[in-house]
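Engineer: Take these sequences, add in the hints, and give me the full structure.
In the order they appear, the protein sequences are chains A and B. With UniProt numbering, the residue at position 129 of the first sequence is 129, and numbering never jumps. With UniProt numbering, the residue at position 115 of the second sequence is 115, and numbering never jumps.
Just to be clear, a hint being listed does not mean it is correct.
[Unchecked claim] One side only, chain A facing chain B, incomplete, derived with CB under 8 Å:
no., residue
1, Val46
2, Val70
3, Met78
[To be verified] Restricting the straight-line Cα-Cα distance to at most 20 Å, the calculated cross-link-like pairs of lysine to aspartate or glutamate (DMTMM-like) are:
no., chain 1, residue 1, chain 2, residue 2
4, A, Lys59, B, Glu435
5, B, Lys94, A, Glu38
6, B, Lys385, A, Glu83
7, B, Lys385, A, Glu79
8, B, Lys33, B, Asp162
9, B, Lys57, B, Glu85
10, B, Lys253, A, Asp92
11, B, Lys107, B, Asp162
12, B, Lys35, B, Glu506
13, B, Lys107, A, Glu96
14, B, Lys385, A, Glu58
15, B, Lys57, B, Glu11
16, B, Lys299, B, Glu283
17, B, Lys107, B, Asp238
18, B, Lys151, B, Asp436
19, B, Lys253, A, Glu83
20, B, Lys253, A, Glu96
21, A, Lys59, B, Glu386
22, A, Lys59, B, Asp162
23, B, Lys385, A, Glu38
24, A, Lys59, B, Asp370
25, B, Lys146, B, Glu506
Think of the hints as simulated: they come from the structure by calculation, not from any bench. Beta carbons are placed, not taken as given, at the ideal position from N, Cα and C, and that holds for glycine.
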Amino acid sequence: MWTRRVWLGLRASAGGRRGFPSKADPQGSRRVTAELIEHLERLALVDFGSQEAVARLEKAIAFANRLRAVDTDGVEPMESVLEDRCLYLRSDNVVEGNCAEELLQNSHHVVEEYFVAPPEKHMEITPFCLWTPPSKHH
Amino acid sequence: MLGRTLQEVSEALKQGLVTPTELCQRCLSLIKKTKILNAYITVSEEVALKQAEESEKRYKKGHSLGDLDGIPVAVKDNFSTAGIETTCASNMLKGYVPPYNATVVQKLLDQGALLMGKTNLDEFAMGSGSTDGIFGPVKNPWSYSKQYREKRKQKSHGESEDSHWLITGGSSGGSAAAVSAFTCFAALGSDTGGSTRNPAAHCGVVGLKPSYGLVSRHGLIPLVNSMDVPGILTRCVDDAAIVLGILAGHDPKDSTTIQDPVKPFTLPSLTDMSKLCIGIPKEYLTPELSSEVQSLWSKAANLFESEGAKVIEVSLPHTSYSIVCYHVLCTSEVASNMARFDGLEYGHRCDTDVSTEAMYAATRREGFNDVVRGRILSGNFFLLKENYENYFVKAQKVRRLIAHDFVNVFNSGVDVLLTPTTLSEAVPHTEFIREDNRTRSAQDDLFTQAVNMAGLPAVSVPMALSSQGLPIGLQFIGRAFCDQQLLTVAKWFEKQVQFPVIQLQELMDDCSSIFENEKLASVSLK
Numbered sequence: 001m002w003t004r005r006v007w008l009g010l011r012a013s014a015g016g017r018r019g020f021p022s023k024a025d026p027q028g029s030r031r032v033t034a035e036l037i038e039h040l041e042r043l044a045l046v047d048f049g050s051q052e053a054v055a056r057l058e059k060a061i062a063f064a065n066r067l068r069a070v071d072t073d074g075v076e077p078m079e080s081v082l083e084d085r086c087l088y089l090r091s092d093n094v095v096e097g098n099c100a101e102e103l104l105q106n107s108h109h110v111v112e113e114y115f116v117a118p119p120e121k122h123m124e125i126t127p128f129c130l131w132t133p134p135s136k137h138h
Numbered sequence: 001m002l003g004r005t006l007q008e009v010s011e012a013l014k015q016g017l018v019t020p021t022e023l024c025q026r027c028l029s030l031i032k033k034t035k036i037l038n039a040y041i042t043v044s045e046e047v048a049l050k051q052a053e054e055s056e057k058r059y060k061k062g063h064s065l066g067d068l069d070g071i072p073v074a075v076k077d078n079f080s081t082a083g084i085e086t087t088c089a090s091n092m093l094k095g096y097v098p099p100y101n102a103t104v105v106q107k108l109l110d111q112g113a114l115l116m117g118k119t120n121l122d123e124f125a126m127g128s129g130s131t132d133g134i135f136g137p138v139k140n141p142w143s144y145s146k147q148y149r150e151k152r153k154q155k156s157h158g159e160s161e162d163s164h165w166l167i168t169g170g171s172s173g174g175s176a177a178a179v180s181a182f183t184c185f186a187a188l189g190s191d192t193g194g195s196t197r198n199p200a201a202h203c204g205v206v207g208l209k210p211s212y213g214l215v216s217r218h219g220l221i222p223l224v225n226s227m228d229v230p231g232i233l234t235r236c237v238d239d240a241a242i243v244l245g246i247l248a249g250h251d252p253k254d255s256t257t258i259q260d261p262v263k264p265f266t267l268p269s270l271t272d273m274s275k276l277c278i279g280i281p282k283e284y285l286t287p288e289l290s291s292e293v294q295s296l297w298s299k300a301a302n303l304f305e306s307e308g309a310k311v312i313e314v315s316l317p318h319t320s321y322s323i324v325c326y327h328v329l330c331t332s333e334v335a336s337n338m339a340r341f342d343g344l345e346y347g348h349r350c351d352t353d354v355s356t357e358a359m360y361a362a363t364r365r366e367g368f369n370d371v372v373r374g375r376i377l378s379g380n381f382f383l384l385k386e387n388y389e390n391y392f393v394k395a396q397k398v399r400r401l402i403a404h405d406f407v408n409v410f411n412s413g414v415d416v417l418l419t420p421t422t423l424s425e426a427v428p429h430t431e432f433i434r435e436d437n438r439t440r441s442a443q444d445d446l447f448t449q450a451v452n453m454a455g456l457p458a459v460s461v462p463m464a465l466s467s468q469g470l471p472i473g474l475q476f477i478g479r480a481f482c483d484q485q486l487l488t489v490a491k492w493f494e495k496q497v498q499f500p501v502i503q504l505q506e507l508m509d510d511c512s513s514i515f516e517n518e519k520l521a522s523v524s525l526k
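Structural biologist: In structure tokens:
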């Protein structure tokens with residue numbers, strides 16, 4: 001449950017406001033509930049930070065809802081304008097690399113060739129021994 | 001010399017009438033004089049002078065690399081430049097120095113271009129004003145032009161000179177201002193929804209968005225992978241064609257570049273207009289369009305017709321949904337692309353070391369501005385499992401309908417579409433900031449973003465000055481990979497309208513000699 005605690009802590013530091021549900025959307029779409037806000041913040045790892053930001057999301061959703069008016073029956077989704085062409089695949093040979101030092105230079109926290117992430121608080125490292133060394137018999 | 005076209009200066013360099021070092025120094029001096037515009041985030045003075053030195057050696061030996069050798073250029077700060085800070089005007093990348101050059105940057109350097117610096121933009125290229133970056137807004141050079149100031153004197157008195165400055169448009173505002181103010185001969189911008197064409201129109205320069213797949217995106221910090229394109233800003237269409245010729249072509253590092261062979265080209269002069277068919281999309285005539293832009297659009301259509309071209313009204317039926325569709329797809333791809341910024345491998349990292357998730361969240365809160373965060377959150381909303389079909393996939397389907405609208409029009413015999421680029425001329429900053437970024441983007445991208453969704457080439461060409469003395473540009477849209485044809489039509493149009501040169505003497509103090517017609521009028525262009 002440490003995750004939840006951390007999240008509430010974070011939001012408290014950002015002002016600690018709760019999200020408000022939006023007024024009922026005339027098109028009956030989802031309201032921006034406090035639950036949704038928390039969910040999005042969790043996924044995006046970006047916090048709303050203010051009531052204005054929540055209002056902006058509501059406007060963005062309302063705007064996007066206009067797409068419902070378009071008849072897309074039988075229409076395939078378009079992922080790329082180059083869908084009729086073959087993607088270029090180069091041959092599987094190593095042509096570059098060996099630049100670990102250059103790349104590590106850009107990080108704030110590096111140990112040897114590792115990027116260092118903060119520790120996970122809930123993982124406590126306790127001495128734990130399954131094996132006891134044989135006693136020294138003569 | 002700085003007022004010349006790229007072609008003219010290139011000739012002057014080849015004939016030894018000016019040296020790369022002289023050019024470089026003049027541009028650097030001008031950059032300093034026009035600092036008020038805030039067009040540049042980083043001025044790479046040492047790098048540029050060194051490049052100029054090397055270029056000079058080549059010219060002395062008669063081994064110039066080509067048309068761009070010794071030519072000052074600028075690059076938008078969302079292109080990676082090795083050894084030169086690349087910030088995207090964001091705290092997230094402040095201090096970030098890439099270990100490699102974007103392919104398009106490398107191509108410019110390989111041709112001997114002089115990199116003057118990195119230009120200012122909206123944070124992560126999100127915006128239509130170049131007002132929302134951490135280094136402050138970019139000011140439109142036309143705010144200080146004689147043309148604009150004279151008109152203003154007639155209207156208002158006693159207002160502080162600078163308080164009513166105009167925006168450049170965005171998000172490549174820094175690049176547009178840099179070119180418009182003569183500090184370089186060409187600049188790279190990026191174009192996802194109009195970010196090159198919009199500021200080009202507001203700053204009175206040519207803004208080209210090439211076909212998607214023609215120019216490599218490797219090293220362009222991505223916003224929307226399926227729509228992003230490096231853009232080219234220059235003072236005339238021929239110059240844009242020169243730069244495109246150098247940048248276009250397959251890049252093994254960008255698998256979305258097409259493999260068709262591409263060669264540099266020169267633009268022919270159009271003489272027989274009778275074979276040309278210009279389409280005017282009727283849905284682009286919106287109530288928000290200013291009467292001045294509308295009238296210029298009309299005038300342009302009549303111009304083509306009077307010279308023998310066929311000009312017909314066409315329909316792009318899904319136009320009214322285009323901006324909504326763009327909004328959903330853009331925020332969704334942004335949500336994905338921005339996920340890489342977690343503070344671990346590069347970029348900003350917060351001080352807290354509580355846990356990885358807390359570190360990510362705090363880093364991103366500190367690193368991104370409201371606009372970026374807003375788009376990430378919206379995008380994540382549309383990508384939620386329960387929303388994916390109804391929003392993201394729905395938008396992808398609408399995208400196909402929009403792309404198909406264009407295909408239908410081009411299949412019916414239309415060669416090039418003619419539309420406005422922007423709703424009006426550049427507005428004062430004080431007016432622009434009355435609405436938020438998302439609203440403004442939705443308004444200002446109206447004529448430009450459908451082109452990105454369809455992956456077509458488009459170019460904004462300055463046409464005339466408004467009654468306030470400010471530039472108004474019109475947009476030409478071409479068929480996919482028919483960039484050369486598009487530019488040929490644009491070049492003809494440019495020649496017809498003879499858009500006036502910006503008069504910036506007031507801003508330049510003693511630089512006015514730059515704009516006199518020097519004895520180089522005798523430079524022969526082969």
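Engineer: Hint by hint, say whether it matches the structure.
Structural biologist: The hints, checked one at a time:
no., hint, verdict
1, Val46, "5 Å, holds"
2, Val70, "5 Å, holds"
3, Met78, "4 Å, holds"
4, Lys59/A <-> Glu435/B, "13 Å, holds"
5, Lys94/B <-> Glu38/A, "29 Å, violated"
6, Lys385/B <-> Glu83/A, "25 Å, violated"
7, Lys385/B <-> Glu79/A, "18 Å, holds"
8, Lys33/B <-> Asp162/B, "16 Å, holds"
9, Lys57/B <-> Glu85/B, "28 Å, violated"
10, Lys253/B <-> Asp92/A, "13 Å, holds"
11, Lys107/B <-> Asp162/B, "38 Å, violated"
12, Lys35/B <-> Glu506/B, "14 Å, holds"
13, Lys107/B <-> Glu96/A, "19 Å, holds"
14, Lys385/B <-> Glu58/A, "18 Å, holds"
15, Lys57/B <-> Glu11/B, "16 Å, holds"
16, Lys299/B <-> Glu283/B, "18 Å, holds"
17, Lys107/B <-> Asp238/B, "19 Å, holds"
18, Lys151/B <-> Asp436/B, "29 Å, violated"
19, Lys253/B <-> Glu83/A, "19 Å, holds"
20, Lys253/B <-> Glu96/A, "11 Å, holds"
21, Lys59/A <-> Glu386/B, "19 Å, holds"
22, Lys59/A <-> Asp162/B, "34 Å, violated"
23, Lys385/B <-> Glu38/A, "16 Å, holds"
24, Lys59/A <-> Asp370/B, "15 Å, holds"
25, Lys146/B <-> Glu506/B, "7 Å, holds"
When the structure is compared with the earlier hints, violations turn up for hints 5, 6, 9, 11, 18, 22 and for no others.
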